[in-house]
Structure formats: structure tokens, C-alpha cells
Amino acid sequence: MVGPRTFATVGRISMADVDAPVEADFDEIFRRYYATVYGVLIRITGSPEESEDLAQEVFLRLHERSGSLGEDRNVGGWLYRVASNAGFNALRSRRRLHRRLLRWANLERPLSASSPSAASEAEDRQDAELVRRALSHLRERDRTVLILRSSGVAYAEIALAIGVKPSSVGTILVRAEAALRAQFEQLSPSI
Amino acid sequence: MDTQTGCLTDGEIRALIDDAAPEAMRASWSVHLSDCDHCRARYSLITENAGAVAAMLNAIVPPAGAADENAALRTVRARGEGREPVTSLVKGEWLMSRFGGVGRRGAIAGVAVIALMVAVIAAVPFSSLAENMLTGFRVQQFSAITIPMDMFQQNAQASGSQGFGSDQSGTAAFITSQLKDLGKLNTNLSKSSLKTASSVADAQSHLNGAMLVPSKLGSFDGVQPTVYLTDQGNVSYTLNVQKARELLSLGNIDPAPLPDPSTTPTVTLSLDVPPGAALDYQSNGKHLIVAQMESPTLTIPSSVDISMLRDEMLATGFLPPDMVTQLRSITDWQHTLIVPVPSGATTKNVTVQGNPGLLVKSDQGSVVMWQSNGVLHVVGSDSDVDVMSVASSLK
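Order-wise, the sequence lines are chains A and G. Residues in the first sequence are numbered from 1347 upward in steps of one, following this note's numbering. Residues in the second sequence are numbered from -15 upward in steps of one, following this note's numbering.
Note that these hints are calculated values from the structure, not bench results. Here the structure is a predicted model, which is why all the values come from computation and not from measurement. All C-beta atoms, glycine included, are put in the ideal place defined by N, C-alpha and C. Keep in mind that a hint or two might mislead.
So, partial list: chain G residues that the calculated Cβ filter (under 8 Å) puts toward chain A [what the hints assert, rightly or not]:
| no. | residue |
| --- | --- |
| 1 | Thr(-7) |
| 2 | Gly(-5) |
| 3 | Glu(-4) |
| 4 | Arg(-2) |
| 5 | Ala(-1) |
| 6 | Ala4 |
| 7 | Ala34 |
| 8 | Ala36 |
| 9 | Ala38 |
| 10 | Ala43 |
| 11 | Glu53 |
| 12 | Ala56 |
| 13 | Leu57 |
| 14 | Thr59 |
Simulated restraints, written as ranges between beta carbons of each label pair [as the list claims (entries may be wrong)]:
| no. | chain 1 | residue 1 | chain 2 | residue 2 | range |
| --- | --- | --- | --- | --- | --- |
| 15 | A | Pro1512 | G | Glu53 | 27 to 35 Å |
| 16 | A | Lys1511 | G | Val334 | 42 to 50 Å |
| 17 | G | Thr309 | A | Ala1381 | 43 to 51 Å |
Pairs of lysine to any residue residues, derived as SDA-like cross-links and limited to a Cα-Cα distance of at most 25 Å, are as follows [said to hold, decoys possible]:
| no. | chain 1 | residue 1 | chain 2 | residue 2 |
| --- | --- | --- | --- | --- |
| 18 | A | Lys1511 | G | Gly(-10) |
| 19 | G | Lys200 | G | Lys332 |
| 20 | A | Lys1511 | G | Leu17 |
| 21 | G | Lys379 | G | Val197 |
| 22 | G | Lys168 | A | Glu1398 |
| 23 | G | Lys168 | G | Gln226 |
| 24 | A | Lys1511 | G | Ser14 |
| 25 | A | Lys1511 | G | Thr(-11) |
| 26 | G | Lys345 | G | Ser373 |
| 27 | G | Lys227 | A | Glu1395 |
| 28 | G | Lys270 | G | Ser182 |
| 29 | G | Lys175 | A | Glu1395 |
| 30 | A | Lys1511 | G | Met(-15) |
| 31 | G | Lys179 | G | Gly193 |
| 32 | A | Lys1511 | G | Ala38 |
| 33 | A | Lys1511 | G | Thr31 |
| 34 | G | Lys379 | G | Asp186 |
| 35 | A | Lys1511 | G | Ala4 |
| 36 | A | Lys1511 | G | Arg26 |
| 37 | G | Lys168 | G | Pro239 |
| 38 | G | Lys168 | A | Glu1395 |
| 39 | G | Lys179 | G | Lys270 |
| 40 | A | Lys1511 | G | Asp2 |
Work out the full structure: start from the sequences and follow the hints.
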């Protein structure tokens, strides 16, 4: 059938026998996917506040598109794709500004550790930053697969999010993991 | 299974590890794994790799509690009430969204167009301060600076699904969190500042009859354009002088360009953005954009010695070294609009209808921009149309 898909229709594609009104469907979709969308975004951005904002933007887009989701036949895949793109785009914008601010404030030097916990926190931050830098060197598809899998997204929805067959997800994942480790080791002076 | 060796592929092994193997294959793959030393060795290696990567990715999750789902839903609902539905994003909107200051990753033409909107703030070609208040800054010429390609990463998937607001929101959220003590940003520009109109006549009316229309369109000849209008608006930033001086000092930057906070606790920088208009000609999936806008006006209090501040910033690693070199090479920086372009693009100084302009070309399209009597013009396309010819035909 050709025509605009409402949330009710989207719901039937992704959630069997959902026949409630559009608004109720939106609530259900929100509750079903919000935590994972937020989890994807916080892995990408590292900022709870920014992740909340972006997650809301992602669902706002879904809300705005209640009349038509085009060819997106699975709301989960659509949400994860939009969330990943939003996260990485925000990160790119933020990284530029952040880098400048850090240089400006001369904070790129290692933080002085006055206690074991402070030292540990500083190391954790450095590790996290190294991982993010390593991720930034990967292809967008590889980054997305790693983040989605790490957020607990199933292979089928990862496949929909990045536009490949479910049977290809494992292969992409293996290659992306190898690439991330290689990048991390290259960037990390201690390894 | 590998058709030649009969062994499991890496992807199949990975799916087994994640318990994501197809139901129909799971048993046979498991049997093979138990019988094949080679596959078991790879299973161990891939498992070890997956575990290491999982640990790495766990490191980037901050130890914060999960977001309040109910509060988030209420917020989305409230915000959704105030928004108009977006049914679909036509392909041309990526370029126009650049013009409007929101939107999607795009090609070089889009980069250049948005540069007209933001470079005045971002790269700051300030004028010297002779009067009490700096007003009436007008762009007189353009200069390109090359920046790393990854800043404008091209991604078809992102372009296809990245929509209004998210990028802008993410950046705004970060700026808000990092600079909340430093000052306050106010603007009356928003997503609704960009709208469509029904005809070129509307664009003429919007710009008081000053809209220039091309008479030569090349392969777009005979195409009726989609008309976009951007509203007049203002962006202001009120700086907490004390905080700003502290930040400068922290970065070993002399705070002298800023005023004494005991007498001038805040300073407000203001950018007035005049109305703009653009014509989007679409043919065979390609776009030709003709856009124009009066130069924005930047207002800076005389208590800020912006010339000294610029020198300080260029000297202290605020920007990447190669960018600093390029910026320093611009002698008439007071009247030059900086246009950031990706490293893969080529730029050329050109003359358009007797006015100095800048032509940017890449394998994704070309764009030419120039100013005439204080009005900024842009002609860009992702097709092979000769944008210089189109620009020359504007009248």
C-alpha cells in the first residue's frame, strides 16, 4: 500500500498489533527506545546534558514526521540512525570548539593529581578521550556499528540503521573492532 | 560459511559470540566450531578483541544516572506542540538550510554559503576602533582559508537523515555548558527564520526589489526555482568581563584588551543579520542556488580592544598553526570575510560584474561569492553548470 505512514502503521511494522491512536503510539515508541537512544548518544558525546538534548531532538523529529517516515520501515533503525548522525555531528562541532577552548585555557597538559582518586579520574578521562579520538579516526559506519552494539542494539536494528543486511553486521563489527584497537594503540603512548 | 574452506567467517563467529546467529544456522555453526581448531582459534581472538573493545567503549560512558524518561517525554511533547510538522526534507534544503544557519552536512557549496552567515562571528574580521562604537562593518572582499577535511566530513547517510536542529542543538548545548558563566547568547533567529515563498516576486518584495535574478541558467534553463527567504534577525553575546579576563589569564593571554570589570562588568557584542533570499533551481537531482543578503553588521563596544585581542589570540595557539598562518597572511583583515574551505577544494580570486569575489571548486560542486554595494551574493551548484556564467548574468 502506498501512502503516508502514521505512528500506528509504523507501530505495526515494528511492534505487532499496535492499533492505538498516533499519540499513544508515540508514547509507547518513546518509552521503548528512549533509554537506548540516550545510551547511544552518551557514548558518542560523553555529556549527559547534551545527550538528553539530542535525544529529545531525535524524538522531536520523529514526532514531526508522524505523517510520513518515507522508506523507513523500522522505527528503531530510523531512531538509531538519526541519533548516531546527530551525535557525531554534534561531536564534530563540539570538538572544534572544545579543542580551541582547551588550547585557550592551556588545559591540554596532564592534570596534576593530588590524590590517588584524582589521579585515577584523570587517567579515566584520558582513556575516554583516547577512545574518542580513536573512534574519530574510524569510518562513520564503523563508529556507528560499534556505538550501537555497545549500547545493546540488536543486529537487525543495527543493519537497518546503517543500511546493510543483518548477515553483514558481524563482519563489519569484527573489522571495526580491529580498527578501533589499532587506532587506540597508535594513539596511546603507553601501549 | 566460507565456500572454499567450509570454515566460519569472522562475521559468523562474531554473531555466535553475540548470540545473534540466525536460528537456522546456529546449531550447524556451533558444531563446526567445536570440531575446527582453526575456527576455535579465531573465535578466541575475536572474543578477546570484542571484550577489549567493549571495555574501551565502556570507558566513554560517564558515571551519570540515566536520564529521566518521563521528564524527557513531557519536554518532547511540549516542544512538539510548538513546532510545525516536517513531512520530508527535499534534497535542496541541505543547501538552503546552510543559508539559514541550521541543518545538514553538505557539500562544498553549502559550506561556503553558511560561511557567509557565520564567518563574521567565527573568524572575526573586525575593524579598528576609532569611534565610540564600532558599527556598520561591511564585507568588502573574501579570503579563503583551508581547514582539515574532517571538519566537513561528507557522509551520504548523514546527509540523508540528519535533520534540522540536532547539530545546532548539540553545539548550543555544549556552548551553554562550557560558557554559561562567561556570558549569555541571545538571538531571535530560529528555524522558523527560514521559510519558503511561492515566487521570485516574493523574494523581490522581501528584499525591497533588490533581488538579482539570473538570465543564464545553463542546464537549469527553463526551471522554476523554489524560493527561500530568511528573516532579519539579531545575535548578541553579553560577556561577563571578569570571567573572560580570568579565562584569558588562565591561558596565558594578556587580558588587557578587555575593560576593567569594576567599571565595565559586561560588554555586549551584537550582530545584525539583514533579510536574505535564495532561489533554488532543481533539475535531475542537481541544484543551482542563487542567494543574496546585505552584509551583516557587527557592533562591538569600544571598551574592547579587538585589534589587540586578535593579535593575542593568533599568538597563543587558539587556532591551529596552519590556520593562524593563513589568517596572518590576510593584510586587510578589517574588511575581509574569511571563508573556510575544506582542504580538497581549490579557490581563486575572481571578478564578478566588476566586483572582487571568490570562486571555490571541488569535485562536489562550485560556488562563487562576491559583494556589491554592501550586498553579499552567492551562486553555487553541485552540478557542472558554470557558476561564473550564471553569476555574470544576474540583473
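Verification of the hints:
| no. | hint | verdict |
| --- | --- | --- |
| 1 | Thr(-7) | 7 Å, holds |
| 2 | Gly(-5) | 3 Å, holds |
| 3 | Glu(-4) | 6 Å, holds |
| 4 | Arg(-2) | 4 Å, holds |
| 5 | Ala(-1) | 4 Å, holds |
| 6 | Ala4 | 4 Å, holds |
| 7 | Ala34 | 6 Å, holds |
| 8 | Ala36 | 6 Å, holds |
| 9 | Ala38 | 7 Å, holds |
| 10 | Ala43 | 5 Å, holds |
| 11 | Glu53 | 5 Å, holds |
| 12 | Ala56 | 6 Å, holds |
| 13 | Leu57 | 5 Å, holds |
| 14 | Thr59 | 6 Å, holds |
| 15 | Pro1512(A) / Glu53(G): 27 to 35 Å | 28 Å, holds |
| 16 | Lys1511(A) / Val334(G): 42 to 50 Å | 48 Å, holds |
| 17 | Thr309(G) / Ala1381(A): 43 to 51 Å | 47 Å, holds |
| 18 | Lys1511(A) / Gly(-10)(G) | 21 Å, holds |
| 19 | Lys200(G) / Lys332(G) | 22 Å, holds |
| 20 | Lys1511(A) / Leu17(G) | 23 Å, holds |
| 21 | Lys379(G) / Val197(G) | 6 Å, holds |
| 22 | Lys168(G) / Glu1398(A) | 21 Å, holds |
| 23 | Lys168(G) / Gln226(G) | 14 Å, holds |
| 24 | Lys1511(A) / Ser14(G) | 22 Å, holds |
| 25 | Lys1511(A) / Thr(-11)(G) | 23 Å, holds |
| 26 | Lys345(G) / Ser373(G) | 14 Å, holds |
| 27 | Lys227(G) / Glu1395(A) | 23 Å, holds |
| 28 | Lys270(G) / Ser182(G) | 20 Å, holds |
| 29 | Lys175(G) / Glu1395(A) | 22 Å, holds |
| 30 | Lys1511(A) / Met(-15)(G) | 16 Å, holds |
| 31 | Lys179(G) / Gly193(G) | 18 Å, holds |
| 32 | Lys1511(A) / Ala38(G) | 23 Å, holds |
| 33 | Lys1511(A) / Thr31(G) | 22 Å, holds |
| 34 | Lys379(G) / Asp186(G) | 16 Å, holds |
| 35 | Lys1511(A) / Ala4(G) | 13 Å, holds |
| 36 | Lys1511(A) / Arg26(G) | 23 Å, holds |
| 37 | Lys168(G) / Pro239(G) | 20 Å, holds |
| 38 | Lys168(G) / Glu1395(A) | 18 Å, holds |
| 39 | Lys179(G) / Lys270(G) | 21 Å, holds |
| 40 | Lys1511(A) / Asp2(G) | 16 Å, holds |
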